[in-house]
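Chemist: This is what each chain is made of:
Number of protein chains: 2
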Amino acid sequence: MPRPRRYDPERRERIVDAALRVVRRDGIGGLSHRTVAAEADVPLGSTTYHFGSLDELLVAALRKVNASFAGTLRARTAPDADGLARLLGEWLGGERGQVELEYELYLAALRRPALRPVAAEWAEEVTAALAPHTGRSTARALVALMDGIGLQVLLTGTPYDEEYAREMIARILHEGPKEQAGGLSEAPVRPTGT
Amino acid sequence: MPRPRRYDPERRERIVDAALRVVRRDGIGGLSHRTVAAEADVPLGSTTYHFGSLDELLVAALRKVNASFAGTLRARTAPDADGLARLLGEWLGGERGQVELEYELYLAALRRPALRPVAAEWAEEVTAALAPHTGRSTARALVALMDGIGLQVLLTGTPYDEEYAREMIARILHEGPKEQAGGLSEAPVRPTGT
DNA sequence: GACCTTTGTGTACGCCCGTACGCATGCCCG
DNA sequence: CGGGCATGCGTACGGGCGTACACAAAGGTC
Numbered sequence: 001m002p003r004p005r006r007y008d009p010e011r012r013e014r015i016v017d018a019a020l021r022v023v024r025r026d027g028i029g030g031l032s033h034r035t036v037a038a039e040a041d042v043p044l045g046s047t048t049y050h051f052g053s054l055d056e057l058l059v060a061a062l063r064k065v066n067a068s069f070a071g072t073l074r075a076r077t078a079p080d081a082d083g084l085a086r087l088l089g090e091w092l093g094g095e096r097g098q099v100e101l102e103y104e105l106y107l108a109a110l111r112r113p114a115l116r117p118v119a120a121e122w123a124e125e126v127t128a129a130l131a132p133h134t135g136r137s138t139a140r141a142l143v144a145l146m147d148g149i150g151l152q153v154l155l156t157g158t159p160y161d162e163e164y165a166r167e168m169i170a171r172i173l174h175e176g177p178k179e180q181a182g183g184l185s186e187a188p189v190r191p192t193g194t
Numbered sequence: 001m002p003r004p005r006r007y008d009p010e011r012r013e014r015i016v017d018a019a020l021r022v023v024r025r026d027g028i029g030g031l032s033h034r035t036v037a038a039e040a041d042v043p044l045g046s047t048t049y050h051f052g053s054l055d056e057l058l059v060a061a062l063r064k065v066n067a068s069f070a071g072t073l074r075a076r077t078a079p080d081a082d083g084l085a086r087l088l089g090e091w092l093g094g095e096r097g098q099v100e101l102e103y104e105l106y107l108a109a110l111r112r113p114a115l116r117p118v119a120a121e122w123a124e125e126v127t128a129a130l131a132p133h134t135g136r137s138t139a140r141a142l143v144a145l146m147d148g149i150g151l152q153v154l155l156t157g158t159p160y161d162e163e164y165a166r167e168m169i170a171r172i173l174h175e176g177p178k179e180q181a182g183g184l185s186e187a188p189v190r191p192t193g194t
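Protein chains in written order, with our numbering: chain V, 1 to 194; chain W, 1 to 194.
Be aware that one or more of the hints could be misleading.
Simulated restraints, written as ranges between beta carbons of each label pair [to be verified]:
hint: 1; chain 1: W; residue 1: Asp80; chain 2: V; residue 2: Arg76; range: 28 to 38 angstroms
hint: 2; chain 1: W; residue 1: Asp41; chain 2: V; residue 2: Phe69; range: 44 to 54 angstroms
hint: 3; chain 1: W; residue 1: Ala70; chain 2: V; residue 2: Arg12; range: 43 to 53 angstroms
hint: 4; chain 1: V; residue 1: Glu10; chain 2: W; residue 2: Arg12; range: 44 to 54 angstroms
hint: 5; chain 1: V; residue 1: Arg76; chain 2: W; residue 2: Glu10; range: 26 to 36 angstroms
hint: 6; chain 1: W; residue 1: Ser32; chain 2: V; residue 2: Arg34; range: 11 to 21 angstroms
hint: 7; chain 1: W; residue 1: Pro159; chain 2: V; residue 2: Glu56; range: 43 to 53 angstroms
hint: 8; chain 1: V; residue 1: His133; chain 2: W; residue 2: Asp17; range: 33 to 43 angstroms
hint: 9; chain 1: V; residue 1: Thr72; chain 2: W; residue 2: Asp82; range: 33 to 43 angstroms
hint: 10; chain 1: W; residue 1: Ser32; chain 2: V; residue 2: Glu56; range: 22 to 32 angstroms
Heads up, incomplete: computed chain V residues facing chain W, CB under 7 angstroms, no partners named [to be verified]:
hint: 11; residue: Gly27
hint: 12; residue: Gly30
hint: 13; residue: Leu73
hint: 14; residue: Leu101
hint: 15; residue: Tyr103
hint: 16; residue: Leu107
hint: 17; residue: Ala123
hint: 18; residue: Ala131
hint: 19; residue: Ala141
hint: 20; residue: Leu145
hint: 21; residue: Ile149
hint: 22; residue: Thr156
hint: 23; residue: Gly157
hint: 24; residue: Tyr164
Output of the computed footprint for chain V on chain W, the stretches with three or more beta carbons under 8 angstroms from beta carbons of chain V [unchecked claim]:
hint: 25; stretch: 35-48
hint: 26; stretch: 81-87
hint: 27; stretch: 154-164
Don't read these hints as lab results, they were simulated from the structure. Computed from a predicted structure; not experimentally measured. Backbone N, C-alpha and C define an ideal beta-carbon position, used for all residues, glycine too.
With the hints as constraints, model all of the structure from the sequences given.
Modeler: Written as structure tokens, this is what we have:
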């Protein structure tokens with residue numbers, strides 16, 4: 001009688017949200033069926049029922065983050081050095097917890113093959129958003145560079161330097177904006193596995 | 001009588017090596033005082049004695065990886081686009097386990113402040129190795145770009161494309177090799193915290 | 001050679017974990 | 001309207017975890 005709540009179609013969704021809060025607070029290491037059940041205020045059995053493994057839950061969580069990120073990105077498209085450097089700065093300047101969360105889930109794909117297709121989707125999505133203005137190769141490099149700069153800021157504690165980021169983004173952009181498709185190797189980003 | 005082995009001055013070192021093997025095999029998630037004790041064939045108490053916390057052990061492990069990496073890097077200095085792209089390719093083409101190990105320890109600094117100074121040391125070391133030929137800003141950007149490219153390869157499963165890497169490295173290098181110190185913001189990489 | 005300090009070891013405790021499995025619940029079909 | 005069945009829940013089990021702590025062994029000091 002404590003929990004008569006049956007037929008709750010948003011259950012699954014609420015569990016994913018709870019998982020995101022847990023990871024934000026305690027990192028992936030702190031994620032367990034129990035912690036997420038407590039956070040979502042659902043019984044333990046419910047999480048194991050909806051998500052057979054933690055990997056499954058992480059996949060759903062990363063997908064959700066991706067979707068929200070892609071939304072923000074597309075809304076604010078300004079694919080020149082100024083715009084990208086400012087975007088990076090705003091992102092890094094936001095709540096540290098959120099940035100850590102997004103990086104942590106993304107980087108988790110390093111060790112969890114199940115997450116790789118989702119990470120690949122993310123990279124592809126961002127690349128695709130930039131590619132119309134810059135060409136695919138350049139877009140991929142921009143993603144790599146900005147990833148790398150963001151990581152350096154977070155991993156080493158160096159403060160973000162927007163001027164510097166703008167200059168380096170400009171170098172990538174400058175030499176080959178709008179390079180014709182095929183100018184460089186254009187192997188599409190393709191997910192591993194399934 | 002099972003373990004009369006006392007006064008073993010290399011004990012600490014062997015524990016660190018064992019930790020590296022464990023992380024390589026099972027990831028940081030698989031690291032515990034117990035697993036590393038088993039791997040090093042020392043009693044449980046020994047690991048907790050030498051390393052009060054897992055963070056301490058990780059710091060020692062990351063330092064060790066850094067040292068070996070820096071050695072290889074300095075031995076093979078060829079700071080032009082060809083050389084760097086080839087170096088990255090060789091590194092990524094090597095045993096996946098080793099590459100994963102190094103990235104995983106480095107990236108762990110995202111969530112573990114204790115590792116950040118060590119990650120910062122690594123970044124600084126690599127930057128310093130490149131800086132004499134390229135200037136500091138450019139060197140930092142090269143590290144960021146190469147980090148980012150490597151990550152994309154590992155996270156998404158895209159195969160490494162040396163041609164593409166060479167081109168993008170060249171773009172960073174081309175516009176400002178040997179820029180005079182101070183030409184761009186040159187805030188030194190400084191560790192957070194202690 | 002007898003203390004005492006430092007160094008290292010073994011064991012035991014309480015906690016949290018994933019998983020399995022039996023049971024309550026609410027729908028569907030006859 | 002009543003039995004059967006899928007869905008969802010709660011609990012209990014075995015195992016691994018970090019940590020604490022009492023104790024053995026070795027070094028140093030007189």
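Chemist: Determine for every hint whether it applies to the structure shown.
Modeler: Each hint, compared with the structure:
Between W/Asp80 and V/Arg76 the beta carbons are some 37 angstroms apart, a value that agrees with the proposed interval 28 to 38 angstroms. Taking the beta carbon of each, W/Asp41 and V/Phe69 are about 46 angstroms apart, inside 44 to 54 angstroms as hinted. Checked against the hint of 43 to 53 angstroms, the C-beta distance between W/Ala70 and V/Arg12 comes to roughly 47 angstroms, which is consistent with it. A hinted range of 44 to 54 angstroms holds for the C-beta pair V/Glu10 and W/Arg12, which are about 52 angstroms apart.
At about 56 angstroms, the CB distance of V/Arg76 to W/Glu10 disagrees with the hint of 26 to 36 angstroms. Our hint of 11 to 21 angstroms for W/Ser32 and V/Arg34 holds, since their Cβ atoms are close to 19 angstroms apart. Between W/Pro159 and V/Glu56, the C-beta spacing of about 27 angstroms breaks the proposed range 43 to 53 angstroms. Separation of V/His133 from W/Asp17 is about 49 angstroms and departs from the stated range, judged on CB atoms against 33 to 43 angstroms.
The hinted window of 33 to 43 angstroms between V/Thr72 and W/Asp82 holds, with their beta carbons roughly 38 angstroms apart. At about 24 angstroms, the CB distance of W/Ser32 to V/Glu56 agrees with the hint of 22 to 32 angstroms. With a least beta-carbon distance of about 5 angstroms to chain W, the hint placing V/Gly27 at the interface is held under the 7 angstroms criterion. Contact between V/Gly30 and chain W, as hinted, is not supported at the beta carbon level, the nearest pair being about 10 angstroms apart and thus beyond 7 angstroms.
Among the interface hints, the one on V/Leu73 is violated; its C-beta lies about 17 angstroms from the nearest C-beta in chain W, farther than the 7 angstroms criterion. The criterion of a C-beta within 7 angstroms of any C-beta in chain W is not met by V/Leu101, whose closest approach is roughly 10 angstroms, and the hint is violated. Look at V/Tyr103: its Cβ gets to within about 6 angstroms of chain W, closer than 7 angstroms, so that hint holds up. For the restraint placing V/Leu107 at the interface with chain W, the shortest Cβ-Cβ distance is roughly 5 angstroms, inside the 7 angstroms limit, so the hint holds.
At its closest, the beta carbon of V/Ala123 sits 5 angstroms from a beta carbon of chain W; the interface hint therefore holds under the 7 angstroms criterion. Interface restraint check for V/Ala131: the shortest CB-CB distance to chain W comes to about 14 angstroms, outside 7 angstroms, so the restraint is violated. At about 4 angstroms, the closest approach between the beta carbon of V/Ala141 and any beta carbon in chain W falls short of 7 angstroms, and the interface hint on this residue holds. Interface hint at V/Leu145: satisfied, since its Cβ lies 5 angstroms from the closest Cβ of chain W, which is below the 7 angstroms cut-off.
Nearest Cβ of chain W to the Cβ of V/Ile149: about 5 angstroms, under the 7 angstroms cut. The hint holds. The closest approach between the C-beta of V/Thr156 and any C-beta of chain W is roughly 4 angstroms, which is under the 7 angstroms cut-off, so the hint is satisfied. Interface hint at V/Gly157: satisfied, since its Cβ lies 3 angstroms from the closest Cβ of chain W, which is below the 7 angstroms cut-off. Look at V/Tyr164: its Cβ gets to within about 5 angstroms of chain W, closer than 7 angstroms, so that hint holds up.
With 0 residues having a beta carbon nearer than 8 angstroms to a beta carbon of chain V, the stretch 35-48 of chain W misses the requirement of three or more and the stated coverage is violated. Check on the stretch 81-87 of chain W: 0 of its residues sit with their Cβ under 8 angstroms from a Cβ of chain V, so the three-residue criterion for coverage is violated. Counting residues of the stretch 154-164 of chain W whose beta carbon lies closer than 8 angstroms to any beta carbon of chain V gives 9, which meets the minimum of three for the stated coverage.
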